[in-house]
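Required output: the full structure, derived from the provided sequences and hints.
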Amino acid sequence: MKSVSQLRKRTALIFLIPVTIVLLSSALYPLISTLYLSLTDAELENFLDPNYVGFINYLENYEGMWYGVLADSLFWNSVRNTIVFSVFSVSLEVILGISFALIMLIENKLKWFVRAAVLIPWAIPTIVSARMFEWMLQDQFGIFNYILIGMGIIEQGKAWTTDPQTSMIVIIIIDAWKTSPFVAILVYAGLKALPNEVLEAGKVDGTNGITQFYYIIFPLILPAIAVAIVFRGLDALRVFDLIYLINAGSKDIMSMTVYARREMFEYSHFGFGAAASTMLTLIIGVIAVIFIQRTRLHKLDEME
Amino acid sequence: MNKVYDKIFKYSLQIIVIIFCVFPFYYSVMTSLEGSSAVFEPNFFPTEINPKNYNYLLFEHNFPQTILNSLFVATVTVSISITISYFAAWSLSRVNFKGRSMFLFVILAISMFPQIAVLTGMYQLFLNFKDFYFNIFDLRVKGVTSLLWLCFTYTMFNIPFTVWVLTTFMKGVPKEIEEAAIVDGASSFLILRKIFLPIMTPAIFTTAIMAMIAVWNEFLFALTFTATNSDRTITVGIALINGTIEYEVPWGSIMAASVIVTVPLVIITLLLQGRIMSGLTAGSIKG
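Chains as they are written, first to last, in our numbering: chain A, 393 to 696; chain B, 2 to 288.
No wet-lab data here; the hints were simulated from the structure.
Treat the hints loosely; a few may be bogus.
Calculated lysine-lysine pairs in the DSSO-like style (CA-CA distance at most 30 Å, straight line) [what the hints assert, rightly or not]: (1) A:Lys550 x A:Lys643; (2) A:Lys401 x B:Lys99; (3) B:Lys4 x A:Lys501; (4) A:Lys401 x A:Lys584; (5) A:Lys501 x A:Lys584; (6) B:Lys11 x A:Lys691; (7) B:Lys172 x A:Lys401; (8) B:Lys4 x A:Lys691; (9) A:Lys584 x A:Lys503; (10) B:Lys99 x A:Lys550; (11) B:Lys99 x B:Lys172; (12) A:Lys584 x B:Lys8; (13) B:Lys8 x A:Lys501; (14) B:Lys11 x A:Lys501; (15) B:Lys172 x B:Lys195; (16) A:Lys643 x A:Lys501; (17) B:Lys4 x A:Lys584; (18) B:Lys176 x A:Lys691; (19) B:Lys195 x B:Lys99; (20) A:Lys401 x B:Lys11; (21) A:Lys584 x B:Lys176; (22) B:Lys11 x A:Lys503; (23) B:Lys176 x A:Lys503; (24) B:Lys99 x B:Lys11; (25) A:Lys584 x B:Lys11; (26) B:Lys172 x A:Lys584; (27) B:Lys176 x B:Lys195; (28) A:Lys691 x B:Lys195; (29) A:Lys503 x B:Lys195; (30) A:Lys401 x B:Lys53.
Non-contacting residues of chain A with respect to chain B, defined by C-beta distances greater than 12 Å in every case (computed) [what the hints assert, rightly or not]: (31) Thr412; (32) Glu547; (33) Thr558; (34) Leu578; (35) Ser642; (36) Ile684.
Far from chain B, some chain A residues (derived; all Cβ distances over 12 Å) [claimed, not checked]: (37) Phe407; (38) Phe447; (39) Leu462; (40) Ser669.
From the three backbone atoms N, C-alpha and C, an ideal C-beta is built for every residue, glycine too.
Written as structure tokens, this is what we have:
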């Protein structure tokens, strides 16, 4: 007769079969076929049966000229935009998130309202937040311009979302509005996990709040902040919705995902688009693997 | 005196956070309630209450169809991914076997993948699926193709997340509860049904809600795999609301649509505040 633990092991493996099938068929297979397509001449006409062409979608020297994703200045432009977006939005979110988390700790009558309010932006679909901000920032009837004109800061309404100089800033702000709550909740959980004495310690010494936070609390919640930064960073690098919605056609703010999708579905350059998305996957993949190994998130046993 | 200042300072900080988070939502609710002329006069408070925008969306527009589509996709996707993940979570959290951390590693890595990484391959698969599907079923159900396909792709994107969150939740259930049943000779299936299910119900519910919100909000796949008015989901629906007159953006209707799809989410989120917070943290922080 088999031992109980052997039986359990067998059952456990059986229970994992459905997940494995789904992931193999819907994640691994399309991932590999995308990789393969990036090495083909796939266009709309031959999409189901493309020819292998090697690495020319990535880089090719043809009669002294360089072609391919890596030689396309628009691609590098999208890389730069993606990095600018990621760095600034994540930094802003971390700053806002920490501040919100500290404010969420305040114990008084408004406590429930603060915690409820913080979750609202998180629950709102990105498309809706984009539309809301577009409307508030609208040049003729937007409330934001109305306030600024009322305060005498500007004389005429400004088209914040379509002006290439401000549209990236607008996108970063919308993203920060939507996702700072996520950072705040992670940091708040980190703060809650600290022993009460730590939070009280500074008060007894009479040190002021900022010094106390910087020297005592901040180092202790650093791991929670690091996790939030990586999660948000990986999310920001693949940004699509916001940029596509706010200013799809503009080269000035195009992100890597927007670039890759545009090649595929607007120009039908499926092979080329696949090559561009593979570049993004590589970048994100390297960061993700390093992150998981560093934090040892997958070693569940160490949780206890 | 100092104490009073301290109190006022704390209250004002809280109020700033509340306004920052709630104002855009409040403002869109307000805009959605105004008639066409009032919409174009910036105000902080509604000057009139006019159901015109809602009437238009619900009775003259195909918006109700997009809501039904989203509900269909969300329900199918979430039921499948939660069921599959529930069993997988038990294996990954309660049983020690070789390759367990490798499995979790892959799950986590996939959850961090950009969607664009699989988009080309997915699209090729989609075209094959369409051919296959059209050969089997007759014309009447063709409209469902894209929606079924969305269910498939969303299941894939949900499963890493639901498996991971449920695994962390199930890890927290004390060993003793399960041990008694093992001694009695109960099968794993019975243990999962009779012992874990009651304890895990709140966690499953929370995970389901979070997965549902993710599906509800998805845009890239929805934009790529839906093509007609009848198979659009809400995000694409809102993105494509146009005015009757060209170049005139119907802000009132757009805001009304935004409010319709957002209010249920906001209500659910507020009711389940504490649970969602623990769900969000379970997804990323140990313990």
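Looking back at the hints listed earlier, which ones does the structure fail to meet?
4, 6, 8, 10, 16, 20, 23, 24, 29, 30, 31, 34, 36, 37, 40
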